[in-house]
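There are 2 protein chains.
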Amino acid sequence: MRQLKLSKAFTLMESGPVVLVTTHDGKKDNIMTVSWTMVMDFTPLFAITTGEWNHSFSALRKHRECVIAIPTVDMLDQVVGIGTCSGADTDKFSKFKLTAAPGKVVRPPLIRECLANIECKVIDIVNRHNIVVLEAVAAYLDTARKEKRTVHAVGDGTFIVDGRRIDRRKMMACKLPYGV
Amino acid sequence: MRQLKLSKAFTLMESGPVVLVTTHDGKKDNIMTVSWTMVMDFTPLFAITTGEWNHSFSALRKHRECVIAIPTVDMLDQVVGIGTCSGADTDKFSKFKLTAAPGKVVRPPLIRECLANIECKVIDIVNRHNIVVLEAVAAYLDTARKEKRTVHAVGDGTFIVDGRRIDRRKMMACKLPYGV
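So the protein lines, in turn, are chains F and B.
Sequential numbering of the first sequence, starting at 1318, is according to the numbering used here.
Sequential numbering of the second sequence, starting at 1318, is according to the numbering used here.
Hints in this document: simulated from the structure, not taken from any laboratory.
Don't take each hint at face value.
Where chains are identical, the list cannot tell them apart; a pair therefore holds if satisfied intra-copy or between any two copies.
As the list claims (entries may be wrong) - Simulated pairs of lysine-lysine, BS3-like, Cα-Cα distance not exceeding 30 Å:
id: 1; residue 1: 1465; residue 2: 1492
id: 2; residue 1: 1412; residue 2: 1492
id: 3; residue 1: 1344; residue 2: 1492
id: 4; residue 1: 1325; residue 2: 1463
id: 5; residue 1: 1487; residue 2: 1465
id: 6; residue 1: 1344; residue 2: 1421
id: 7; residue 1: 1421; residue 2: 1463
id: 8; residue 1: 1414; residue 2: 1487
id: 9; residue 1: 1492; residue 2: 1379
id: 10; residue 1: 1412; residue 2: 1487
Kindly produce the complete structure, drawing on both the sequences and the hints.
Here is the structure:
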């Protein structure tokens, strides 16, 4: 995986792909599936909504680190599987045959099979809304990977695969931040 | 446009389409383009990130209402155009040939040309992160519309169009909320 400029990391998230989020609770790694995410700044900052009902939440709150890993369409059954069992009784890396790879900054692992990985620090938790605010500290993209299409959760059990890409860079030039 | 059950409204947003958000400042309607959005609950609650730099923000803060309108790929140039000019000096409904239609609950208008519209109340603003928390109060879907593909902003001036849809409803059954 090639390191990606932090100023480009928000472009991995803005289109709204379903993501995997890894945590480490001091003893073991875990993974959760999240589609309730939002870009908040180009710096980049991200929000995710999660809470007590999620086994990963206590690790996130206590250790204040995670990795956002971005899977592609060929990994959909793993993504759905991870989202429908709990780290309380399952080693998800083992069950879903995923490879934990060390990051550079945070303890939770990257997922080697994913298209991209973003190491994040938890910089705030807005308790009244269960919003966890993350700041990216390192990002990686697997440029050698053939399958690059991400998947978008509709929320009713169906998923939309990335279709074609349309270029409006000229029209948008005045709005694009430096470094994109 | 047909009224949609509120329990299904989050499915319009969870996949992360770029959306249009209408406001009314007491005198006139305005529209902004937003791709920094997040589902927060099935009730449904949504978050958007915006702030002082945005002309719509003062109307949002003062009048505490908006409509999230969901455009499709055939409207992309309008979506980009709306995102690259300001309501401070532009009547966007007129410039982009969009039709303001009255909602049932809030004052900001629906956009008739859009695939879906969600009337929302602002229920909180998390000032330290520029997060506006919205609760949907009514939702509509244009079931007669042929083009249903939404568009996802990458953030670099390119946009990903919805591709094919994959069904994992059986695998997800244990996680789907009632009413979806």
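Identify every previously stated hint that the structure contradicts and give their numbers, smallest first. none
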